[in-house]
Amino acid sequence: MFLILKYLRRSVGAFSRFSSNISATKMKVLNVAEKNDAAKTLAGFMSSNIKRREGFSKFNKIYEFEYMLFGQKCDMIMTSVSGHLLGLEFVGSYRHWRSCNPLSLFDAPVVKQCIPGYEDIKRTLEREIRKCSVLIIWTDCDREGESIGFEVIEVCKAVKPSIKIYRAKFSEITSQSVKRALQNLAQPDKRTNDAVVVRQELDLRIGAAFTRFQTLRLRQVFPQNLSDSLVSYGSCQFPTLGFVVERYKAIESFIPESFWKIKVIHEKNDLCVDFSWKRVRLFDQLACQCFYDLCIENPVATVVSVNSKPKSRWRPLPLDTVELEKVGSRKLKINAKEIMRIAEKLYTQGFISYPRTETNIFPKEINLSNLIGMQTADPAWGEFAGRVLQDGPNPRNGTKSDKAHPPIHPIKYTSGLSGAEQKVYEFVVRRFLACCSKDAQGQETIVEINIADELFVANGLMITARNYLDVYPYDKWSAKEIHVYEVGEQFRPNIEMADGTTSPPKLLTEADLIALMEKHGIGTDATHADHIETIKSRLYVGLENEKFFVPGHLGMGLVEGYDSMGFPMSKPNLRAELEADLVKICEGRKNPEIVLKEQILKYKEVFEVALQQAAKIDEALAIYLQEQPCQVETSGIVI
Amino acid sequence: MAQPLPINREVERMCSYLASLSYTVTRDWLTGCVEYFRDENSHYSVSDLQEFVRKQWELSDLRDSSGGSLPPNLQNQMKITLRGKYAVQIESVLNISEPAYSQMQKIRKVDIGNVEVTEKKQESWEPRAGRMLKLKMCDGQRQAEAIEYRPLRMLNEHILPGTKILIIGPVDCRRGVFFLKPENVKLIGGEVDSLLIVNHMENILARALGLPENQDPFSNVSEA
Ligand SMILES: [Mg+2]
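Protein chains in written order, with my numbering: chain A, 1 to 639; chain B, 1 to 224.
Calculated directly from the structure, the hints in this document are not laboratory data.
Here the structure is a predicted model, which means the values were calculated and not measured.
One or more hints might be untrue.
[As the list claims (entries may be wrong)] Calculated pairs, PhoX-like style, for lysine-lysine (alpha carbon to alpha carbon, straight line, at most 25 Å): (1) B:109 x A:423; (2) A:519 x B:134; (3) B:109 x A:261; (4) A:480 x B:120; (5) A:190 x A:164; (6) A:400 x B:121; (7) A:438 x B:181; (8) B:134 x A:263; (9) A:190 x A:584; (10) A:190 x A:331; (11) B:109 x A:400.
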């Protein structure tokens with residue numbers, strides 16, 4: 001969507017180069033999408049006459065059709081990968097866990113190789129590219145997608161170095177955007193790929209060094225508890241775990257305190273209005289008792305002011321990924337990982353736009369009326385969509401743009417979904433319609449009264465126009481009745497002294513955890529959900545009441561152990577610096593090799609100290625595992 | 001140079017000087033103070049001596065120096081309006097409108113940013129608590145408490161334990177608690193050395209919460 005104009009010039013150049021070079025024989029073009037579903041849907045938008053045949057991988061079919069491209073009829077071959085095709089690995093001698101001191105993994109040579117299980121996909125690409133002269137990359141238009149595209153290019157170029165390469169840019173799978181992508185073919189973005197490659201190499205080295213060290217050592221130190229455990233480490237995992245531990249400890253160390261306050265209730269015609277004390281509450285019973293005496297001696301309330309003013313409740317912003325994950329887990333009760341899986345499926349099926357986006361501003365070019373119009377058919381929200389059309393769409397806009405994808409929105413109407421898919425689709429639609437409609441309007445009345453020179457305040461709310469709330473049940477805005485008061489009016493309310501106790505902060509929900517990851521720059525909107533899943537699956541954290549994150553014994557012990565070394569392993573700073581550097585690589589403001597070197601050095605230093613002070617981890621864990629630590633070699637590695 | 005006054009006369013003179021300031025003082029303490037000054041200074045002017053005893057009084061613990069100024073039995077009276085002037089020392093201060101725990105987190109620089117991120121936002125109409133200091137006071141003989149009934153700009157949480165103030169009537173006192181307005185308080189100054197650490201606000205909070213006390217609370221404050 002965003003990229004059309006930007007890439008137009010380059011693609012015109014590409015076009016003219018082609019027409020002069022290519023002979024009269026029919027051009028063959030290999031198209032590669034990120035997943036089989038996407039390949040199938042994309043092909044469907046390019047032709048209605050598709051021949052399907054098998055590739056070597058039975059999950060990745062080949063779709064063949066004709067298409068007018070570069071001013072001529074081309075034979076299009078569309079196939080797919082299944083996410084990343086190549087991965088980084090240490091060279092052979094460093095692969096085995098006991099083959100080397102983990103410290104050497106910070107410098108050991110690495111190779112890029114086909115991810116085990118995907119050899120068939122690679123073979124298909126190698127076979128198909130031979131007959132083609134052009135390769136078009138159709139992977140998702142985000143950081144990982146760009147890098148997957150480069151892996152496809154690497155495989156194809158190795159077979160056919162002369163191949164012409166193009167990148168199709170799209171953020172929704174519709175016939176228009178497919179057409180537009182083909183009219184505006186661009187070049188793949190090397191910088192984005194550089195950033196991913198740096199991240200991959202760091203994750204491999206840091207992850208392998210710490211994971212091997214922790215796992216091998218702790219299995220020996222705590223044979224009763226951990227003899228079969230994988231004690232993994234990741235530079236995103238640990239700060240994520242750190243947030244959970246930090247909150248748990250904040251709750252543990254919390255000290256509750258008693259407070260007292262004065263409650264004023266005005267009951268009339270069956271309606272009770274609660275007035276709040278301007279001093280809120282006091283942490284001293286005697287002082288509060290004195291104020292209570294003071295009020296009781298002269299218990300007549302005088303209305304000091306009545307302010308009535310319009311109040312609106314803002315319609316939601318356009319939907320971005322983090323919001324989808326947060327609201328999804330809070331309101332739909334679907335965890336972030338699952339919600340993203342569903343959203344991606346809805347995207348590949350062409351129901352919604354690309355769900356990985358940081359943008360919460362609708363681009364001018366987007367035809368909102370069209371998109372809203374499609375929804376008028378729905379029995380539940382169709383009528384509302386019709387109203388939005390009548391008034392004209394007026395989206396509330398945020399301030400963030402990733403300059404690649406629009407906010408998440410529906411692109412096709414469907415009533416054929418069920419279960420969680422239906423819930424997520426419905427949410428995306430309702431959010432979109434809400435965002436394009438109008439703020440809810442109300443009238444708020446604030447009344448201030450004086451009793452013996454102490455001030456109290458109450459509010460009332462009348463909702464005058466629900467507007468977006470009619471289509472967006474995920475937001476609540478309740479009316480609150482209040483008596484009609486006039487300045488100077490006097491009445492005798494009920495006056496009481498009440499007490500209470502302060503309560504600790506709440507355990508983190510998934511939405512809270514995502515909010516903290518976002519605040520500290522841990523992971524990207526595309527990976528938050530995965531990191532959370534990882535710490536769950538390692539049993540570093542568990543869920544209380546299926547909702548609140550609590551650290552497990554292993555998680556607590558690890559964080560405390562590293563913390564006692566004085567290292568910010570469980571703090572977000574180290575990883576946040578890396579994420580910031582990755583953005584700089586994408587923007588061409590930082591050299592990828594320098595970033596790689598600097599980061600390896602930082603983590604290596606931390607690792608060396610961790611080796612020296614490994615006993616601190618044992619000490620912390622011993623308490624939680626209730627197991628006497630066994631004495632082992634300093635590094636725990638028996639080579 | 002005139003002959004120095006006999007010691008009795010000099011103490012008399014200083015006593016009425018301090019009384020003119022509404023500072024109460026015991027004869028014994030004042031005698032000791034004047035004697036000490038005269039031992040150190042063979043020649044002095046009246047204003048030198050006045051300055052000295054005034055400063056000494058400010059730095060003294062009123063338990064040693066003062067016979068007391070407050071009326072008896074305040075605690076047992078629901079409400080009384082006092083019309084005199086009362087010189088007292090502030091033994092300790094505490095803000096009673098905020099939990100001791102959150103005050104302590106600020107002092108000990110606990111980063112609560114991540115807790116704030118997940119807290120529910122207050123509605124705009126909901127009142128926010130302003131500061132209310134509670135003072136523990138002593139006139140040398142009796143204890144009393146006072147609260148900041150109306151904002152007292154001349155005071156704050158970091159005021160030194162033992163600081164002297166003059167409470168000026170008419171002022172309401174309920175159940176032994178003075179309801180102070182700005183016109184009821186004149187800040188004099190001073191401190192009491194022995195109270196500085198033990199009654200530092202951080203240690204008052206620590207005792208209220210059952211947390212370890214800080215033997216060097218002043219270096220902590222100056223960092224902030
Ligand atoms: Mg993707």
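The hints, checked one at a time:
1. Restraint check: the Cα-Cα separation between residue 109 of chain B and residue 423 of chain A comes to about 44 Å, which exceeds 25 Å; the hinted pair is violated.
2. In summary, the hint linking residue 519 of chain A to residue 134 of chain B is not supported, as the alpha carbons are separated by about 38 Å, beyond the 25 Å threshold.
3. Proximity of residue 109 of chain B to residue 261 of chain A is assessed by CA-CA distance (about 29 Å); at most 25 Å being required, the pair is judged violated.
4. Our distance criterion of 25 Å between C-alpha atoms is met by residue 480 of chain A and residue 120 of chain B, whose separation comes to about 19 Å.
5. With a C-alpha separation of about 16 Å, the suggested pair residue 190 of chain A and residue 164 of chain A falls inside the 25 Å cut-off, and the hint holds.
6. At most 25 Å may separate the alpha-carbon atoms for a hinted pair to count; residue 400 of chain A and residue 121 of chain B meet this at roughly 23 Å.
7. Restraint check for residue 438 of chain A and residue 181 of chain B: the C-alpha separation of about 49 Å exceeds 25 Å, so the hint is violated.
8. Among the hinted pairs, residue 134 of chain B with residue 263 of chain A is consistent with the structure: their alpha-carbon atoms are about 22 Å apart, no more than 25 Å.
9. Straight-line distance between C-alpha atoms of residue 190 of chain A and residue 584 of chain A comes to about 13 Å, which keeps the hinted pair within the 25 Å bound.
10. Taken as a hint, the residue 190 of chain A and residue 331 of chain A pair is broken in the structure, with Cα atoms around 39 Å apart against an allowance of 25 Å.
11. The suggested pairing of residue 109 of chain B with residue 400 of chain A is violated, with an alpha-carbon distance near 33 Å, which exceeds 25 Å.
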